[in-house]
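*Asks:* Sequence:
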Amino acid sequence: MNNTMDKKSGLKVVFAAIAIQLTIGIAYIWSVFQTGIADSIFGGDNAAAGLTFSLLLALLAIGSVIGGKLAVKYTTRIVVFIGGLILAAGFFLASLVTAEVPWLLWVTYGIMGGIGMGFMYSTTIACAQKWYPTKKGRVTGIIVATLGFGGVIFTPIVESLIVTFGGAGIGEPKTFMVLGVVFLVVCSIGSIFMKNPPEGYGMEAAASDDVNASVNEPKNYTSSEMVKTTKYYLITAAFLLACMGGLMMIGFAKPIAVAKGLESTATIGVLAISMTNSLGRLFWGMVSDKLGRINTILILLAGSAVFALFVNVAQDYAIYVLIALIGFFYGGGLSTFPSLTSDIFGAKHMAANYGFVLLGFGVAAIVSSQIAGHYKNIAADDISLMFPAFVIASCCAVGGIVIMLILKKMPR
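Letter 107 of the sequence shown, counting from 1, is numbered 198 in the numbering used here, and no numbers are missing.
It is worth saying that the hints were derived from the structure and are not from the lab. Positions of the beta carbon are idealized from the N, C-alpha and C atoms, including for glycine. Some hints here could point you the wrong way.
Pair ranges (Cβ atoms, derived) [unchecked claim]:
no., residue 1, residue 2, range
1, S279, N468, 37 to 43 Å
2, V273, L496, 40 to 46 Å
3, L325, W194, 33 to 39 Å
4, S279, Q461, 43 to 49 Å
5, A405, K310, 34 to 40 Å
Based on the sequences and whatever the hints tell you, model everything.
*Replies:* Rendered as structure tokens:
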């Protein structure tokens, strides 16, 4: 009887996490807003507009650290509810920003949106992992895949809203307002179902799972203990380097497609990277349960290093295939790094610990957008001039491979 009740409780947590992640995935389709916001708010400066999205991703990491610590002190339910309020307020206030005060978009959509997402992102993942300790990769993959899939579902909806409210450069503010309401409703309801399992739940099953034994540690590290280890810095640095190419493409998929003469179908680029990003999270999360986290991450880094070098030569609809492949391998990192963090540093403080690992992701978000935005400004008339940005991304992936090989050689 208790086992049945536990399974039902676990499923409720997973489904609530899926609903929340699916909804906050809307914030990831920044590429749909990029051109209109750059022209109407930032005077055509792509780098300044792109910084909005970068700040959201960077503050997601900080929000995850804060939210993770609060979830341990209070409850996941309370933290998720507060996160939903912050995210909704950020988007509502973003709808009021004008060209006279463009920096307010960084504060509202970027900082408030990122902190709100962070409160919900790692806490929902950590909560679900605790219910399924022997299937961390699969459960994490399913949950974070829905965040990516949110882009697939909402891209055409958001595009339609922008057109309905006046078109690019005009319709974005009212669209932000509508999205704020969606965040408030879904995240508030979803928070009701978020709860941790009883203390010690699934410990025996987890102890018998040796798939990732090469990185397993018997101890539940607190964040202060974790940041004193070499492994933390290696993982965080690898995460930073692994995300560069994917983040560049997520923020500029549509502008790149337009620059290659595919303006009428450019939204396909956003859909392609959103869908494969989502599928990659699910697929590689399950693969990591079989191959191990480090081996899976090495494959992901190798693929990212290669695909980034083909952005310049891909022509016509081939660019959509390349965008899809970059998204597929980038997405895999977002499901394997949370599981790797839990494997090495324990599940108890995973939400806060993964928030610290996400700091690498946050740095990558800011750096990648500025690099890509800089070269996109240079490449206003010739998209091939943006190629150096993706060469940098490829070199970063190679650096990540070196770091992960070092981690693999370290003693248990």
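*Asks:* Check the structure against each numbered hint from earlier and tell me which ones fail, lowest number first.
*Replies:* 4 and 5
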